[in-house]
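Spelled out, the chains give:
There are 2 protein chains.
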Amino acid sequence: MAGSQVPRLKDVAAKANVSLSAASRILRGERERFGAETCNRVIDAARALGWRRNLLVNGMQTGRTRTIGVMIPPFDSFWVDVLAGIHLVLAQADYLPITVWVGDCQEMPHFEKDEDEGFKQISRLLDRRVDGLILWPSFAVAYYDHFRELLERRVPVVVIDHEYSEDQIADSIETDEAASARAVAEHLINLGHERIACLSAREAAWQAWSVRRRECFVQVVEDLGGGEVKCWRLNAWGTDGLEAARDILSQSPRPTAVFAVTDHEAVFLYEAAAELGLRIPQDVSIVGFADLDFAATLRPPLTTMRQRPREYGRRAAQLILDRLDGDMADSPPTTIRLGADLIVRKSTSRPAAESARDRDD
Amino acid sequence: MAGSQVPRLKDVAAKANVSLSAASRILRGERERFGAETCNRVIDAARALGWRRNLLVNGMQTGRTRTIGVMIPPFDSFWVDVLAGIHLVLAQADYLPITVWVGDCQEMPHFEKDEDEGFKQISRLLDRRVDGLILWPSFAVAYYDHFRELLERRVPVVVIDHEYSEDQIADSIETDEAASARAVAEHLINLGHERIACLSAREAAWQAWSVRRRECFVQVVEDLGGGEVKCWRLNAWGTDGLEAARDILSQSPRPTAVFAVTDHEAVFLYEAAAELGLRIPQDVSIVGFADLDFAATLRPPLTTMRQRPREYGRRAAQLILDRLDGDMADSPPTTIRLGADLIVRKSTSRPAAESARDRDD
DNA sequence: GCCTGTTGTTCAAGTAGTTGAACGCCTCCG
DNA sequence: CGGAGGCGTTCAACTACTTGAACAACAGGC
Numbered sequence: 001m002a003g004s005q006v007p008r009l010k011d012v013a014a015k016a017n018v019s020l021s022a023a024s025r026i027l028r029g030e031r032e033r034f035g036a037e038t039c040n041r042v043i044d045a046a047r048a049l050g051w052r053r054n055l056l057v058n059g060m061q062t063g064r065t066r067t068i069g070v071m072i073p074p075f076d077s078f079w080v081d082v083l084a085g086i087h088l089v090l091a092q093a094d095y096l097p098i099t100v101w102v103g104d105c106q107e108m109p110h111f112e113k114d115e116d117e118g119f120k121q122i123s124r125l126l127d128r129r130v131d132g133l134i135l136w137p138s139f140a141v142a143y144y145d146h147f148r149e150l151l152e153r154r155v156p157v158v159v160i161d162h163e164y165s166e167d168q169i170a171d172s173i174e175t176d177e178a179a180s181a182r183a184v185a186e187h188l189i190n191l192g193h194e195r196i197a198c199l200s201a202r203e204a205a206w207q208a209w210s211v212r213r214r215e216c217f218v219q220v221v222e223d224l225g226g227g228e229v230k231c232w233r234l235n236a237w238g239t240d241g242l243e244a245a246r247d248i249l250s251q252s253p254r255p256t257a258v259f260a261v262t263d264h265e266a267v268f269l270y271e272a273a274a275e276l277g278l279r280i281p282q283d284v285s286i287v288g289f290a291d292l293d294f295a296a297t298l299r300p301p302l303t304t305m306r307q308r309p310r311e312y313g314r315r316a317a318q319l320i321l322d323r324l325d326g327d328m329a330d331s332p333p334t335t336i337r338l339g340a341d342l343i344v345r346k347s348t349s350r351p352a353a354e355s356a357r358d359r360d361d
Numbered sequence: 001m002a003g004s005q006v007p008r009l010k011d012v013a014a015k016a017n018v019s020l021s022a023a024s025r026i027l028r029g030e031r032e033r034f035g036a037e038t039c040n041r042v043i044d045a046a047r048a049l050g051w052r053r054n055l056l057v058n059g060m061q062t063g064r065t066r067t068i069g070v071m072i073p074p075f076d077s078f079w080v081d082v083l084a085g086i087h088l089v090l091a092q093a094d095y096l097p098i099t100v101w102v103g104d105c106q107e108m109p110h111f112e113k114d115e116d117e118g119f120k121q122i123s124r125l126l127d128r129r130v131d132g133l134i135l136w137p138s139f140a141v142a143y144y145d146h147f148r149e150l151l152e153r154r155v156p157v158v159v160i161d162h163e164y165s166e167d168q169i170a171d172s173i174e175t176d177e178a179a180s181a182r183a184v185a186e187h188l189i190n191l192g193h194e195r196i197a198c199l200s201a202r203e204a205a206w207q208a209w210s211v212r213r214r215e216c217f218v219q220v221v222e223d224l225g226g227g228e229v230k231c232w233r234l235n236a237w238g239t240d241g242l243e244a245a246r247d248i249l250s251q252s253p254r255p256t257a258v259f260a261v262t263d264h265e266a267v268f269l270y271e272a273a274a275e276l277g278l279r280i281p282q283d284v285s286i287v288g289f290a291d292l293d294f295a296a297t298l299r300p301p302l303t304t305m306r307q308r309p310r311e312y313g314r315r316a317a318q319l320i321l322d323r324l325d326g327d328m329a330d331s332p333p334t335t336i337r338l339g340a341d342l343i344v345r346k347s348t349s350r351p352a353a354e355s356a357r358d359r360d361d
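Same order as they appear, the protein sequences are chains Y and U. Taking this note's numbering, the leading residue of the first sequence gets 1, the next gets one more, and so forth. Taking this note's numbering, the leading residue of the second sequence gets 1, the next gets one more, and so forth.
Treat each hint with caution, since some may be false.
One copy or two, either will do: identical chains are not told apart, so a pair holds if it fits within one copy or between any two.
Claimed, not checked - Distance condition first, Cα-Cα at most 30 Å in a straight line; then the derived DSS-like pairs of lysine-lysine: (1) 15 - 120; (2) 10 - 120; (3) 230 - 15; (4) 10 - 346.
Treat the hints as calculated values from the structure; they're not laboratory data.
Given these sequences and hints, build the entire structure.
Okay, structure coming up:
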């Protein structure tokens, strides 16, 4: 087997002693025209030689590669689960995702650093003729023009957690921010909290969800009569989480509860609380968002909104498949909004009585 | 632009008013034969139409798709970092990884559940004519025969953390278990520990590293005069981590230090210690392995061996590239062994004096 | 007027199949 | 003996280019 190369269909045909086109038809499943014995001979020959279909050829001929581009880094457990959902659905449909991102997947922005590399990654996907594209928010914003071009070529695009506000040009899967904010607000207000703060992430254009989450929360707390929510947000580089957390917890009077727009920001609050000698939840209640893998193992375990990231991925993949060969092919862009569930753990409780707080001060 | 399809080279040629072959040659960089003005006309036309090279065609013609199959789930932060390393190196070489796994990426085995699906995933990669393959251990074992076939087709294969012991048929990147075990053993013995236990993972065929890690540790402790190491391991399904940890910490006399072959197992020891009211490190020292993302945030922060997973990924990708078009094309399989660094945090200390331990009992 | 060089063309074959149409051959049935 | 199936073949066109070779048109220099 020294010089053995990839077996071609003509090798199979020769071995089975049939014509090239007979081999092609039989292996593609068009068997009515052929005898059972011949079919078996061809199939056995293919197996013996280790022949397999060539999706490159298929792709050239049909314009479909059965491959979906996915621009999502495995940034944290939320996005890993989104990826898992995508993989699952695509595998069932005999598709394959090609996942790319830019630079170090531990850094949030994923494009600012090397915009050119971002273009190259998109190009690598398009050069391989992916049938569709699934994006996480920052790419959706950064390469907006590029994706318009794709849409004109009828390549379906789905965006997760980002809505193209003006002209909604692509499908999107989002979080139901209003309902989620309400769940958090009700939880805190029912516990008796009145001085509530909010720590938002960096509110770049590609983190519109962060803005919406904060705004919804502020609104709902006001609607429920919970008073005014004081807001903090991370700076443009997202580097001052700990400082912001310290600042929040050093206010006088100190907020009795803080809502962090993701569990990542909640961790800064845990750290700042530890520094300042504040106990969670006795001195301050903390609520996170996402229920990332570490949320349950924080001390105390974090009360947070559990999203269903796998569902995000599944829906995104299904949407692409529907647009590719379903009846949805030509319907206008849709937005799917997914809910989240409040998981009450140990980081929230009734606020301490005022007298106790005064003593602490 | 309603009916606009993917632009073809002949569209570009028509627009630039040159022949098809001239357009092809110019866009491929063969410009000596053409005037500067013509080159610009073609390039401008290509840009205006949004034309891009078709790697499917390239793949058919050259047999190279500039695509590498990667069978590694983003199982934990170690594997996510491995993936990041692979992506980085491949992107620099204008290659793209296609990452697949089987089923839910949160489950360890990744093939036992649905072996057939595993074959399908491999097939999906091969049908797309990937130029090479990078594997994590469980796949390497489960589909051994399949990979032999690949190697005969001269598709390079690199395995991470698994060595095909008998006939080393593929390159592999491994951890230097001997040196790492020595670092852990010396640390514990220098602190004065004498009763040391080891908690190993499930020792399936595809976790040979777990066996080697345990064996090396036992050997080194003995060599250093640290006495006999008592060993526990998880059951075949990996489901009894907490029970095993409880059992270890309920021994009498209790071990003063436990080495967990990964940080995952260390977590079970933390939980069992909490249940039993034992303090870490006062009552028992714990050492992990891998320095996973949660290791530093455990309470107390975990002493562990820091691997360099990104380096694993980089080396694996580089190895593939070297075999594809380097001088290494025909050299025999190599094994690269990477070291790890001891990170001393707060989960290890001198053992309590015997009297103190008696009191605790 | 001839040679050379520049610039570009056409032709044909190659990559690995896929697919519609027409056709050929054999057997069986009436 | 003719017609109908059943079984399989050949032919040609198609996917989107790539590439070597031969050739042609034109300009400039000698």
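Results of checking the hints against the structure:
no.: 1; hint: 15 - 120; verdict: between (43 Å within a copy, 25 Å between copies)
no.: 2; hint: 10 - 120; verdict: between (37 Å within a copy, 24 Å between copies)
no.: 3; hint: 230 - 15; verdict: neither (77 Å within a copy, 59 Å between copies)
no.: 4; hint: 10 - 346; verdict: neither (67 Å within a copy, 66 Å between copies)
Checked against the numbered hints above, the structure violates hints 3 and 4; every other hint is satisfied.
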